[in-house]
Amino acid sequence: MCRKKFRDSLSMFLNNLSIKNKIFLFCAVILLISLSVFAFLTINISNQAIVDKAVKNAGRELALIDRSLLNLTNNAENYVRILSINNRLQTQLARIENQQLGSIDNLELEKTLSTASSNVVEPITHIAAASVISSKGDLFDIGYVDNTSIRQYFGGDVINTIKEKKTPCWLGLMKIQFKTGGEEDVFAIAKPIIGFDTGHYLGTVVLYMKEKDLALMYLDNIINQNDKFYIIDENKRIISTQDKHELYQAFDEKKYLGDYRLEDISDIQSIISSIDNIQTLITVRGFEKLNWKIISVTPLDEITYENKNITRLIVVFGIICLIFAFAASYILSYRISKPILKLVKIMREIQSGNMKLRANFTARDEIGMLGAGFNNLMDKINELLEQIYTDQKLKRESEFKLLQSQIKPHFLYNTIETIISFIKLDLKDKAMTAAKNLAGFYRISLSKGDDIITIEDEIRLIENYLAIQKLRYVEYLDYSVEADEEILQFRIPKLTLQPLVENSIYHGLKQKSGKGMLKIKGYFEDGTVKIEVFDDGVGMDEESIARVLDRSANAQKKSDFGVYSVDSRIKLLYGELYGISIESRVGEYTKVTVTIPAVRE
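Residue numbering for the sequence shown follows this note's numbering, beginning at 217 and increasing consecutively.
Everything labelled a hint here was simulated from the structure, so no lab data went into it. Virtual Cβ for every residue (Gly too), placed ideally from N, Cα, C. Check the hints yourself; a few may be wrong.
Claimed, not checked - Label-pair restraints from in silico Cβ distances:
no. : residue 1 : residue 2 : range
1   : 451       : 261       : 35 to 45 angstroms
2   : 494       : 253       : 26 to 36 angstroms
3   : 535       : 494       : 22 to 32 angstroms
Turn these sequences into a full structure, and let the hints steer you where they fit.
Here it is in structure tokens:
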């Protein structure tokens, strides 16, 4: 309802505008839409180009981090291999296995471990400390590691896994404490120590690589303040990031990836996700060596920040262009509308009755052609007025012929003969009935010269006509007449139904073997009055129907009330939308439907 009201108000507003303002408004709207679309597309294409570039940069950054991480882990594994094959360390561990060490010898072992690991522990490398676990489970350390803080990480199952693997084994992120106080988040790399001489398992060497040193690989690549990097293990646990409070926590896939899951994202793939209502670029790369994933998180508003200056420039430039375009469209609308307004003035004078006035435009453009066309139109209108006068004259003559044809000599003659026959046969009642119906028929058909009568009178007229015909053709004619009460006071051209009924009797029922039925039915439908004349006579084919309604086929016929004359008369009075239609089937029926407007006056 509100939408329709808005459309009606808008339509009324536009209709009330002058042509000058319409042209200006149209041009202004087109320009505004065009520039807006151009600005929108330019800004979006520019933003998309920046985002695409950021995606490529993020992929390259993660590739660099991947290579650095590979070098770092390879170095750590090399360090742990070096320690595992140290001759002095293996000798001390063999003595422990043979139970040849005392408490003093433990200090010797720690000294040996310290000497052996001095080349791989900080400050030379990223290794924070080292530990050795003997085959009997004794724990020795270097770097002042508090053994109680790490013993929990090296249970029997873990040691067995390390022994079976025999290659450097990454035990993940863990928190270690130092005897001097403080703690550190480290990655533990362990390798079993196998004796050169015996091939027996002598113990396990463990190096602790600091997480903060690993994080330097991506911290150095951070360009924007809110950029984030995550390294997560195969259990989706965060093992490295800027914010150390997030370490050891599960990576929030719902927050960062939305409907995606890490398993769904192939290697080096980027997605755009909404994080805290901020569009964010998420890029994921797998670190196959340890089955880790490296994830970068970059807010798009930081990526597209530089593009905002371009957006401002486009908006300012667009406003300037709009101002000039509005001015140009106003001048153009004025130039176009001026001669049209002049033509409107001439038309108003013609409306006042000066039909001889003409436009005088010297221009040869479309406006000049419009003026010439207007002059030709006025000349044609004058010709049409004269033609209308002629047509009206012919119409009056046709009405005169109609009045003449209302009293058909052959119908009157046949009816009088019928009455005489009834009298001779001493059928006085039938003779009286025929005479009354004949009088009623002509009383209505004359109707003081009125050409338009009520449907009620037309029905009475046709009932009189059918009553007479029933007396004449009792052996093959039955009829019924029905008309809805609501249509009786509507108007109809006089003698519309009589030619149709006559046609049904003589060309439908009389040609049929046996008795036939003629039905007349009138009703109201969709603002019009419809009257059907139905007979179950011999019917007609499509070609016959077309011939009955064809103007050229009826042009040479005498002026009588045929089906075509009724159709032409209705169309002349009410327009081409009205008239008659014929539906028929050979050997079964014919139905002629009269359609006229529902008018009372």
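Task: Indices of hints not satisfied (ascending) - done: none
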